[in-house]
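Chemist: All chains, please: the whole structure from these sequences, using the hints.
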Amino acid sequence: MINIPEELLNFDPAVLKTPNTYDTNFQDPPDASGVYFVVLPNYDKYLKPQPHKILYIGSAKSLKVRYDRHEVIRLLSEFYGYVQFYFKEIQNYREVEKALIGKYKPKYNKQWIRNNTI
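Take the position in the sequence shown, starting the count at 1, then add 551; the result is the number in the numbering used here.
No lab work stands behind these hints: they were computed from the structure. Just so you know, these numbers come straight off a predicted model, no measurement behind them. Don't take each hint at face value.
[Unchecked claim] Below, in silico cross-link-like pairs of lysine-lysine (DSSO-like), each with a Cα-Cα straight-line distance of 30 Å or less:
1) 654 x 615
2) 612 x 599
3) 612 x 649
4) 604 x 658
5) 649 x 615
6) 654 x 604
7) 656 x 612
8) 596 x 639
9) 654 x 612
10) 649 x 639
11) 604 x 661
12) 612 x 658
13) 656 x 596
14) 639 x 658
15) 615 x 656
16) 615 x 658
17) 596 x 658
18) 596 x 654
19) 596 x 612
20) 599 x 656
21) 661 x 612
22) 654 x 599
23) 661 x 615
24) 599 x 639
25) 639 x 654
26) 661 x 639
27) 604 x 615
28) 649 x 604
[To be verified] Pair ranges (Cβ atoms, derived):
29) 560 x 623: 14 to 24 Å
30) 633 x 554: 31 to 41 Å
31) 561 x 583: 19 to 29 Å
32) 642 x 600: 33 to 43 Å
33) 597 x 642: 36 to 46 Å
34) 594 x 622: 18 to 28 Å
35) 626 x 594: 18 to 28 Å
Yeah, the Cβ is synthetic: ideal placement off N, Cα and C, and Gly gets one too.
Modeler: Below you can see the structure in the form of structure tokens.
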């Protein structure tokens with residue numbers, strides 16, 4: 552198993568990049584490998600602040616292609632009304648993805664946990 556630095560295993564919207572135009576770390580997803588988070592916004596229906604809720608964690612060889620074509624993002628957006636996408640470019644994206652799923656256990660990553668792959 553690869554030793555993954557703790558800073559790669561943290562979900563910190565202030566550091567992660569996002570295509571959400573109102574956010575301070577705005578950037579279109581690049582054609583590069585990395586991991587991504589699909590999360591609920593950090594406010595409730597009354598615009599009261601709350602922590603982000605991580606719904607799904609994934610990885611991709613091309614974050615741009617994944618963001619443009621990902622079925623999970625579309626389905627979660629339809630179900631919840633609005634979700635946010637955060638990402639970070641990483642070379643060893645598959646190992647980091649598995650570690651992140653193991654740490655956060657997102658609701659829609661059940662197949663990884665069920666199959667004992669993390």
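Chemist: Work down the list of hints and note, for each, if the structure agrees.
Modeler: Going down the list of hints, with the structure as the test:
1. At most 30 Å may separate the alpha-carbon atoms for a hinted pair to count; residue 654 and residue 615 meet this at roughly 25 Å.
2. Restraint check for residue 612 and residue 599: not satisfied, since their Cα atoms lie roughly 36 Å apart, outside the 30 Å limit.
3. Taking the CA atoms of residue 612 and residue 649, the gap is near 15 Å; set against the 30 Å cutoff, the hint holds.
4. Between residue 604 and residue 658, the direct Cα distance comes to roughly 10 Å. Compliance with the 30 Å bound is thereby established for this hinted pair.
5. The hinted pair formed by residue 649 and residue 615 meets the criterion: a straight-line CA distance of about 20 Å does not exceed 30 Å.
6. The suggested pairing of residue 654 with residue 604 holds, with an alpha-carbon distance near 14 Å, which does not exceed 30 Å.
7. Under the criterion of a C-alpha separation no larger than 30 Å, the hint pairing residue 656 with residue 612 is consistent with the structure, at around 22 Å.
8. Under the criterion of a C-alpha separation no larger than 30 Å, the hint pairing residue 596 with residue 639 is consistent with the structure, at around 28 Å.
9. Distance restraint check for residue 654 and residue 612: the Cα-Cα separation of roughly 22 Å lies within the 30 Å cut-off, and the hinted pair is therefore satisfied.
10. This hinted pair checks out: residue 649 and residue 639 have alpha carbons roughly 15 Å apart, not beyond 30 Å.
11. A C-alpha spacing of about 15 Å is found between residue 604 and residue 661, which places the hinted pair at or below 30 Å, so the restraint holds.
12. For the hint linking residue 612 to residue 658, the alpha-carbon distance of about 23 Å falls within 30 Å, and the restraint holds.
13. Between residue 656 and residue 596 the alpha-carbon distance is near 24 Å, which keeps this suggested pair within the 30 Å criterion.
14. Only pairs whose Cα atoms come within 30 Å are accepted, and residue 639 paired with residue 658 is accepted, the gap being roughly 21 Å.
15. Proximity of residue 615 to residue 656 is assessed by CA-CA distance (about 24 Å); at most 30 Å being required, the pair is judged to hold.
16. The straight-line distance between the Cα atoms of residue 615 and residue 658 is roughly 24 Å, inside the 30 Å bound, and the hint therefore holds.
17. A hinted pair counts as satisfied when its Cα atoms are at most 30 Å apart, and residue 596 with residue 658 qualifies at roughly 20 Å.
18. Restraint check for residue 596 and residue 654: satisfied, since their Cα atoms lie roughly 27 Å apart, inside the 30 Å limit.
19. A hinted pair counts as satisfied when its Cα atoms are at most 30 Å apart, and residue 596 with residue 612 does not qualify at roughly 35 Å.
20. Distance restraint check for residue 599 and residue 656: the Cα-Cα separation of roughly 25 Å lies within the 30 Å cut-off, and the hinted pair is therefore satisfied.
21. Of the pairs offered as hints, the one joining residue 661 and residue 612 holds, with about 22 Å between alpha carbons and a cut-off of 30 Å not exceeded.
22. Straight-line distance between C-alpha atoms of residue 654 and residue 599 comes to about 26 Å, which keeps the hinted pair within the 30 Å bound.
23. For the hint linking residue 661 to residue 615, the alpha-carbon distance of about 24 Å falls within 30 Å, and the restraint holds.
24. Straight-line distance between C-alpha atoms of residue 599 and residue 639 comes to about 27 Å, which keeps the hinted pair within the 30 Å bound.
25. At roughly 17 Å between alpha-carbon atoms, residue 639 and residue 654 fall within 30 Å of each other, so this suggested pair holds.
26. Distance check on the hinted pair: residue 661 and residue 639 sit about 22 Å apart at the alpha-carbon level, within 30 Å; holds.
27. Restraint check for residue 604 and residue 615: the C-alpha separation of about 23 Å stays at or below 30 Å, so the hint holds.
28. The suggested pairing of residue 649 with residue 604 holds, with an alpha-carbon distance near 18 Å, which does not exceed 30 Å.
29. With their beta carbons about 21 Å apart, residue 560 and residue 623 fall inside the hinted range of 14 to 24 Å.
30. As the Cβ distance of residue 633 to residue 554 is approximately 37 Å, the hint placing it in 31 to 41 Å holds.
31. Taking the beta carbon of each, residue 561 and residue 583 are about 20 Å apart, inside 19 to 29 Å as hinted.
32. Judged by the Cβ atoms, the range 33 to 43 Å given for residue 642 and residue 600 holds: they are separated by roughly 34 Å.
33. The beta-carbon spacing between residue 597 and residue 642, approximately 41 Å, falls within the hinted interval of 36 to 46 Å.
34. Judged by the Cβ atoms, the range 18 to 28 Å given for residue 594 and residue 622 holds: they are separated by roughly 26 Å.
35. Checking the proposed 18 to 28 Å range against residue 626 and residue 594 shows it holds: the Cβ atoms sit about 22 Å from each other.
In this structure, the hints that do not hold are numbers 2, 19, in rising order.
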